[in-house]
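Residue numbers (the numbering used here), protein chains in the order written: chain A, 64 to 365; chain B, 169 to 552; chain C, 222 to 500.
Hints are supplied without guarantee of correctness; some may be wrong.
[As the list claims (entries may be wrong)] Distance condition first, Cα-Cα at most 16 Å in a straight line; then the derived EDC-like pairs of lysine to aspartate or glutamate:
1) C:K393 to B:E173
2) C:K393 to B:D244
3) B:K373 to B:E223
4) A:K207 to C:D443
5) C:K393 to B:E200
6) B:K323 to B:E173
7) C:K487 to A:E173
[Stated by the list, open to error] Over 10 Å on every C-beta distance to chain C, these chain B residues come out as not near it, computed from the model:
8) S241
9) I381
10) Q477
Keep in mind that the hints were calculated from the coordinates and are not lab data. Think of the CB as a built atom: it goes at the ideal place given N, C-alpha and C, for glycine as much as any other residue.
Residue strings, one per chain:
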Amino acid sequence: MTTATAQLRASPLDALQRWLPKLVLAPSMFIVLVGFYGYILWTFVLSFTTSTFLPTYKWAGLAQYARLFDNDRWWVASKNLLLFGGLFIAISLAIGVLLAVLLDQRIRREGFIRTIYLYPMALSMIVTGTAWKWLLNPGMGLDKLLRDWGWEGFRLDWLIDPDRVVYCLVIAAVWQASGFIMAMFLAGLRGVDPSIIRAAQIDGASLPRIYWTVVLPSLRPVFFSALMILSHIAIKSFDLVAAMTAGGPGYSSDLPAMFMYSFTFSRGQMGMGSASAILMLGAILAILVPYLYSELRSKRHA
Amino acid sequence: MATLELRNVNKTYGSGLPDTLKDIQLSIRDGEFLILVGPSGCGKSTLMNCIAGLENITGGAILIDDQDVSGMSPKDRDIAMVFQSYALYPTMSVRENIEFGLKIRKMPQAAIDEEVARVAKLLQIEHLLARKPAQLSGGQQQRVAMGRALARRPKLYLFDEPLSNLDAKLRVEMRTEMKLMHQRLKTTTVYVTHDQIEAMTLGDKVAVMKDGIIQQFGTPQQIYNDPANQFVASFIGSPPMNFIPVRLARQDGRLLALLDSGQARCELPLGVAAEGLEGREIILGIRPEQITQGTGEGNGLPGIRAEVQVTEPTGPDLLVFVTLNQTKVCCRLAPDITCRVGDSLNLQFDPARVLLFDAASGERLGLGAGNASVKDNVAHFKSR
Amino acid sequence: MHSSAAKISLSRLAIHAVLLGAVLLYLVPLVVMLLTSFKTPEDISSGNLLSWPAVVTGIGWVKAWETVSGYFWNSIMITVPAVLISTAIGALNGYVLSMWRFRGSQLFFGLLLFGCFLPFQTVLLPASFTLGKLGLASTTGGLVLVHVVYGLAFTTLFFRNFYVSVPDALVKAARLDGAGFFTILRRIILPMSTPIIMVCLIWQFTQIWNDFLFGVVFSSGDSQPITVALNNLVNTSTGAKEYNVDMAAAMIAGLPTLLVYVVAGKYFVRGLTAGAVKG
């Protein structure tokens, strides 16, 4: 029985190979830890300080949050977010689903039509905002066009009407995002098992009814994805407001993202700005965490 | 070419998790063809990955040519592997696929070209050298995968279920080709499969695995004729061995197994080696081909009459199913026998070929004097 | 069955009508922008949104280009490096996370994924402090850094999800052939990555070119990207508004990404739905 000779020591190159994946990932790990979570923590800390033009680290307790709650503009921004977000999500979903269902009917030139619906997504929100600001211009925009076409006395001054200006934001945002929702749902519809539809047709159901009761409910995951993405867009909406209304008239079309920028960088209220940013984070977490929780739960049950 | 030895190889995936490989012990000589066979999840692919160095072992040693390679990375072990999915590099041509390993080893181009030509001729893929894997059929891809391994001229070849993705007819053809190639090239090979026919026909040595343990290690004939436990006996052989629960009786100092077909009874003498088995639950094992049609009294073999319940003519045989001791028993008879469902058939057994197993543990019992090698093997392994 | 045939063709007509109507609605803003950009300010005041220009003139474009051309080049100087760097890092990360996993790499991926949902407002202040300390405040280099850092989450996600579907027998075969970490990447993985590289490049280009928030916070004056310049142009109220210039400037700002979309649209869609699936 021969005895084994001494085990060959692994060459130094092997050791390097074992460490290489970790080395490669290390810079990104550093960036994520610092640039994402570190900075969030920093902002969190700032929200408890008395910082104004410059960061100071004097403890202020919940004072900045209290000032936020006392601030009328913040309330307006928050209410606007709910109004804007709610309308934006609902209408984008409705239009997106409708267009997807219609396109699913084997239309000629479907590719061309899809391209048209989606192109707004390729544009910057600034460009979108600029375009719609012109379109909704009171006096020279759509109202003049419709008057010239025969609708006498038509007026569209929502853009300068503090009570209605948010609807302008909704229109522009829906124009931009609904095509994407359409694309998501069309992809989802294409994944539906056609034999389910055939079975329902044999059972005697009409096509619209089949879509409403059988097909769309099976697309619940797509709904939730769309909801997540739309909510995310809504909460982050800054570019659109900056371009279309700059928060005006006054601050009636303000949104939290605009508020944060304005107070932090223009008005030198870093503490309040940080607090508003943390509240925005809270809003996103309030939507994200239940979604993730339900996803994990369903995976465990499956 | 090289020898391969596995000493007390253990592998666990993490503390608290069950062992994936437990005390694997085997060795093969230069040029031998080792088969690792077992059901899904038995650990054969994991063991293969450990031999290749793609996974680490948590205990024991792997020696190639008496050199402990347990700590070495895959590329230093001088091993080539053929995967079940062939794993051909999709963006490279067949020629580039075969050259890849040689180029990394900084072989001069002239030598590389020679190797590619040699391998292409051997496997008859010369006309495919410029094609990409996506343009090849399954059988062609398999040959290219083998060519990639052969070109490297490694110490050891590993095959991970290479024929499983081929259709049945191609599989049989390729099996014979593999055997021919091994005879020509005398390559030391480890071959993983779940197909027991491949195990029997291709291997010089076979290791039957279950739950991370080697149940038996020996030549195909040893495994077939002298299985160490009920699992090995049932895994190898098609149609599988019959297992009949029997009661024992003592008569004139001899132990007998009692068989009851519902129509008749028979007492099977178990021989001297069966001492000390009274009182235990015994399973009698007998292969379908070891049950023959009775030619009438006269040849001294114990027999029994039973009612035919199912017949399956396979072409070369007639499989007849009867019930003994309330268990379905398969008998492999000559195809020209005429019998129909409901007929009574005379069956005979050769008591010398009968095997006994402990009902609780599945262990093989009462080994006779002529089974020394099996006893040695079995003594090494803790069977379950 | 005349009635059902008629019903079917009527409903198909209705479907086509709705779809066509939607097409027009989606196109109107673009058409209006183009029309307005080719008019004179007097023409704009006298006509309406869809009226054909009395005289098709390019003075709006000329003036717009004079104003924003410098910022257009800024955007290129920012976008191109940022896209290339973030894609390269994303590819490396995705490669490691899918084929060279180690303890903690899954956790890292989870942390990274969370970063896709980050509201950037929460990092603006600390980022600007850091850029200041690094001497990169108000420079294109600083903006490139910011875009790389905050684009990492998406680019890594794209590549990791793509590489996860590559069978690991391929990497095993390469390792047995003697290939190491970088050889496998260079000779096997990257050659098969063309689809996802396209998706990533197009997605990143669109995101970074169209960005406004980072632009307005981290740059000023001469280093601003075109989105910021456009917004300044359109929303400054000195003198009479020249809508033709505004629209031309908007077109200039929007054309690059629009062009990319028209030429390589299917990759863009794949990028959107890939992100959506994970989202």
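Outcome of the hint check:
1. C:K393 to B:E173: Violated, at roughly 22 Å.
2. C:K393 to B:D244: The hint holds at about 14 Å.
3. B:K373 to B:E223: 24 Å, violated
4. A:K207 to C:D443: Violated - the C-alpha atoms of D443 (chain C) and K207 (chain A) are around 38 Å apart, more than 16 Å.
5. C:K393 to B:E200: 24 Å, violated
6. B:K323 to B:E173: Holds, at roughly 13 Å.
7. C:K487 to A:E173: With a Cα-Cα distance of about 13 Å, the restraint between K487 (chain C) and E173 (chain A) holds, given a limit of 16 Å.
8. S241: 8 Å, violated
9. I381: Given a closest Cβ separation of 25 Å, the condition holds.
10. Q477: Answer for Q477 (chain B): holds, closest chain C Cβ roughly 46 Å.
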